[in-house]
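Based on these hints, arrange chain B on the given structure of chain A.
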Amino acid sequence: MDGGGGAQRALRWLGLMVGVGVLWKLFAGVALAVLFGFSLEVVPGPEHLRVGIGAAAPPVSGSAASVVDSLETVMGRMRPRRTYIVIDRANNRLWLRRDGLILREAVVSTGSGTILKESGGEQRSWTFETPAGVHKIRSMRRDPVWTKPDWAFLEEGQDPPKRLSERREEGSLGEWALDLGDGYMIHGTLYERLLGRSITHGCIRVGRDDLRAIARAVSSGTQVLIF
Amino acid sequence: MIRVLRRKWLFAALVGTALISILGLLGSGAPEDPDHSGPTLEARADALRAATQLARADRNFFVLDPGLGALTLYAGGAELRVYPVGEVRAGSRRAITWGVAEGADDWRTRVWADARIDPPIHRNLRVIVSDSVVAPDLAGAEKWIPPTPEEGVPAPRHFMVHFADGLGVEFALADGEEAPRDIKAQLRGLLARMLPRNWDRHRIRVEMTAVELGALYRAFPLDAAFVAVLPKG
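Those protein sequence lines, which keep their order, are chains A and B.
The numbering of the first sequence is the working numbering, which starts it at 543 and goes up by one.
The numbering of the second sequence is the working numbering, which starts it at 37 and goes up by one.
Just chain A, same shape as in the assembly (with noise of 0.2 Å):
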């Protein structure tokens, strides 16, 4: 009798210490969270906005308005004045902008990020990469020929040729090449079905009707900014 009261009273005693626990617990997350989370507020969004900067926004006056309206002023001068390329090399995508305005959007393809290696000879090593940074276009060539650098015959398995005339590939950059200097390029493709995808060795490839639009909108001196 003796020691099933006994065990009873050990059960009951574990069943108030996990329920004393879990309870504890309980409180204590909750008083950390409200201790040290954070406090949130709504900023107010478009729907509420009152004044602001915009054609929508109501006029203000005051020296505050003024403040706002002179630096507004000295971030407009500070825009490119003609037109440039924006390029997304994360998201594959390019836009020709102007004025704050997106006169065209494309979906175009960029550098791989794939190490060429080689194995014999100088033990050269080539990165595949688009480069990032402010960049402008130098010449625009109609109908392009490639003269394929040593990494494009390296890649294919194949000796790079001495002779010039043996580099020389016609057609494979598109109607136009603008060229941004160091070897990279944008330029046309015959991979349509592969833009959109990381796979170039730094230059971007663009589609055929693009390019075209591309090429009546910039010249030589033209922005390509590349994030």
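Calculated from the structure, these hints are not laboratory results.
A quick note: this is a predicted structure, and the numbers were derived from the prediction, not measured.
Among these hints, one or two may not hold up.
[What the hints assert, rightly or not] Dumping the calculated DMTMM-like pairs for lysine to aspartate or glutamate here, alpha-carbon to alpha-carbon at most 20 Å: (1) 268/B - 583/A; (2) 678/A - 724/A; (3) 690/A - 167/B; (4) 678/A - 94/B; (5) 659/A - 236/B; (6) 268/B - 167/B.
Using the frame of chain A, we list chain B on its own:
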């Protein structure tokens, strides 16, 4: 006797915890702006001042403007990309805002830099050794077809960008947006938040569509500074 004392101690601890919780709820920062007034001109002027300085320095930077519903990426004075945003929430840790005098809102107008993204993106590097390549494909077909950006790095349900000096920006799916649940990623995110290095002092939560969220996550330039148009609380 000891049992009674133990029970009393436990009871006192529970009551104490409850009191702290209630006090916390009562003192949880300023209430929401009832009339949802727009961002103040001062906040806008502060952000524009910072943006012009960054543009002059030819820096890459983001401007988050809840009033315009946009997160804009600039390179110098040139607009690179505009990401539409939905609801934006901002605030500090309750433990920081308690009893702190005016001026604690300075964080709302400052420029943030040195970003770190969580979860980080791991890209598989493909290495080719020139010897190992087989004979060229004379048909000219590409031998290796990489995934699309969306396949390679799918849009997460949310991600964090931690800036040095204590700002965490959480980019999350807007209500009603669908994305596959990833329990492993959710657990990982929960654990990551507990790491001391991720203990931000201030937080901004930005809601976006799945498409924009994925595009931003894949392309987020970590060298970009960050400015927000946040009216002082």
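Legend entry - Hint numbers not upheld by this structure, sorted from lowest to highest: 5 and 6
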